[in-house]
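Student: Each chain is listed here by its residues.
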Amino acid sequence: MIAHYLGAIVLLLGVIMLVPLFVSLLMREFETTSHYLIGVGCAVTIGGLLRLCRISPGQLERRQAIAVTGLIWIVGAAIAAVPLWFSGHYASFLDAFFEGVSGFTATGLTMCIDLDHLSVADNMWRFSMQFLGGQGVIVIALSLGVFSKVGSSFYNAEGREEFALPNVKRTAQFIWRFSSVVVVCGTAFLFVVFLLLGIDPVRSVFHGLWVTIGSYDTGGFAPQSTSLMYYHSWALEVFAMVLMMMGAINFALYAQMLGNDRRANLRTFLQDIEIRTLALWIVVMLVVFIAAVCAGEFLTDFSGLMRRGVFTIVSAATNAGYAVLTTHQMTTLLTSGACFIVIIAMAIGGSSGSTAGGIKALRVGIIVKSVVARIKDVLAPQSARNTTSYQHLGRRLLSSEITSAAMTIAVLYVTTYLIGALVGIAAGYEAIPATFESISATSNAGLSSGIVSPEAPVVLKVVYILQMWMGRLEFLTLLALLCSLIASAKPRRKARK
Amino acid sequence: MTWIPRVPSRRQLLAGALCVLALLLLFPTTALAKPDTTILRLSNAGSLLDGQKVIFVGEAVGDKISADSGHTWLTLEDEGASISVYVTDEEAERVTHLGRYSERGTRLEITGVFEVDCPQHDGLTDVHATRVVVLDEGETLRSDFDYTELKIGGGLVVFGGCLLLLHWRLRERTR
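Residue numbers (our numbering), protein chains in the order written: chain A, 158 to 654; chain B, 2 to 176.
Please keep in mind that the hints were generated in silico from the structure rather than gathered at the bench.
In this text the structure is predicted, and so the values were computed from the model without any measurement.
There are no misleading hints in this set.
A short, non-exhaustive set of chain B residues, derived as facing chain A with CB atoms under 7 Å:
hint, residue
1, Ser44
2, Val62
3, Gly63
4, Lys65
5, Ser83
6, Asp123
7, Asp147
8, Leu157
9, Val158
10, Phe160
11, Gly161
12, Leu164
13, Leu165
Derived coverage of chain B by chain A (criterion: at least 3 residues anywhere in the stretch with Cβ under 8 Å from a Cβ of chain A; other residues may be distant):
hint, region
14, 72-80
15, 116-122
No residue lacks a Cβ here, since even glycine has one placed at the ideal position from N, Cα and C.
Could you build the full structure based on these sequences and the hints that come with them?
Tutor: Have a look at this one:
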């Protein structure tokens with residue numbers, strides 16, 4: 158059963174791989190065409206074999222849906238790696254696989270060698286993966302009707318807890334349509350910006366599309382090796398920040414805001430615990446970052462501090478991963494305090510139900526509210542019964558179950574951050590860069606301290622792959638999958654007569 | 002007997018100048034300053050090289066990006082590292098090829114001032130070029146179909162298609 162549904166999504170990936178195949182023909186990159194034909198062939202063959210494991214699909218159990226969701230990110234990344242590996246821009250298949258995982262999880266860490274000479278088709282595939290991953294592979298599949306009988310189990314297993322609309326299929330279609338409109342409008346705007354910068358029209362279209370996807374899906378892949386510094390355009394950077402902020406907001410909040418009473422909806426939107434937490438968090442991080450930078454000798458002029466400092470914090474807090482500072486500037490010239498602020502900003506991340514990663518603003522807001530509520534309980538008379546509520550897609554009571562769930566995920570994130578940092582330190586890297594890279598991978602941020610490269614140890618690459626995967630699915634799906642696999646491998650005890 | 006140096010004639014002076022010119026054209030590197038650093042070293046350079054005159058070589062990649070009036074941004078790449086170079090429009094015109102897929106970019110020798118935290122460009126790490134020399138024009142490379150890979154890909158697609166057809170037939174039988 159798992160194989161059957163896994164096969165369906167693998168076939169969908171094969172269809173999507175036709176996009177870079179057609180781009181390679183359009184751009185006369187004929188050597189790349191064969192790479193994508195092989196990729197499509199692999200997807201169709203593997204999808205066909207998986208579908209043959211079960212001829213008629215039956216009712217999928219929740220556990221099976223979790224297994225499919227968990228496995229598709231890895232199986233999909235492996236198939237996505239095939240054409241990338243053939244491109245010659247990856248030192249090994251593991252590096253190409255890393256790129257696939259980074260793309261699908263919308264992380265943005267890259268193993269690509271000589272990115273500036275990468276074909277347009279290969280870049281199109283990288284950004285297609287980020288678009289799929291940012292919205293969610295399952296969301297795309299649901300909106301296209303790939304799964305007709307099952308829905309909410311898949312949707313929840315992909316790390317989404319709220320529905321934008323009452324029906325899961327309608328929710329998926331809303332996310333798909335909303336994101337498509339944003340990408341089309343963003344591409345059109347950036348096309349004009351790039352034309353004015355002197356880039357030729359064809360490249361302006363592609364770069365406009367890619368930077369829009371990278372910003373809105375908080376993915377962080379860049380078409381050129383110097384990231385957004387390549388364009389030397391403050392207009393682009395401001396627009397990219399707007400897209401990053403949009404991508405870091407819960408899709409369900411957009412659906413609510415676009416409802417009937419726009420004025421009331423806007424008020425509700427601004428009162429939402431996630432929006433308030435995220436806004437306050439970014440402002441606090443920015444103020445502390447500016448203070449930390451001013452203590453050093455880098456970014457001493459006001460315009461540079463505002464332009465690069467604000468962008469760096471927004472990019473880190475939304476887990477977008479676009480850089481306007483070089484790796485050397487970030488890790489060596491910035492004060493350690495400023496670098497630490499960037500790390501903390503990445504660790505928390507954006508909103509739940511958005512394209513961003515990290516612990517999530519909602520959980521931070523819930524944890525803070527529960528701490529305040531606990532203090533109130535201690536100070537209040539014994540006979541008093543305090544109740545705490547919060548605004549998130551309606552008024553909700555802050556119960557111990559909700560607080561416990563938020564704390565559990567937060568603890569899992571922090572534990573994973575620490576484990577990744579320790580592995581990096583054991584591999585011989587300095588503590589701050591190792592922590593930076595570990596948090597960037599787990600929170601799917603994508604900013605790099607320079608550790609992620611083809612020269613990195615194999616163990617570290619594998620650890621970062623696992624971290625990106627776990628972070629994207631918010632742990633519980635993968636832990637459930639792992640427990641299911643272990644349970645199915647144990648021999649059953651024979652019943653005593 | 003005192004040796005009295007002869008003043009060379011106009012013809013001899015002209016011949017000498019032509020010989021020097023021929024040497025410069027045949028062996029251009031002998032007339033240039035030797036690169037004293039690389040882009041990779043500049044990428045990791047701190048305040049040591051900040052504000053210093055540097056000479057390095059690299060391939061122009063990507064696009065020529067318009068800067069403020071009379072200037073253009075080039076991105077130069079070498080040994081896997083890249084840097085932004087601020088040149089005049091006239092110097093940028095001499096770049097005939099830009100490194101991309103199936104395109105080898107113009108190779109340049111840049112002499113300029115390295116800024117690790119450029120105050121003119123809001124803290125960017127860049128080089129303000131004072132001299133640009135073209136070492137190699139670059140070229141467009143052919144990108145042809147790899148027919149072996151096409152056959153493998155086509156074969157896989159056909160095989161996969163047969164599997165899907167088999168699945169569909171089996172499913173129809175069970176209904």
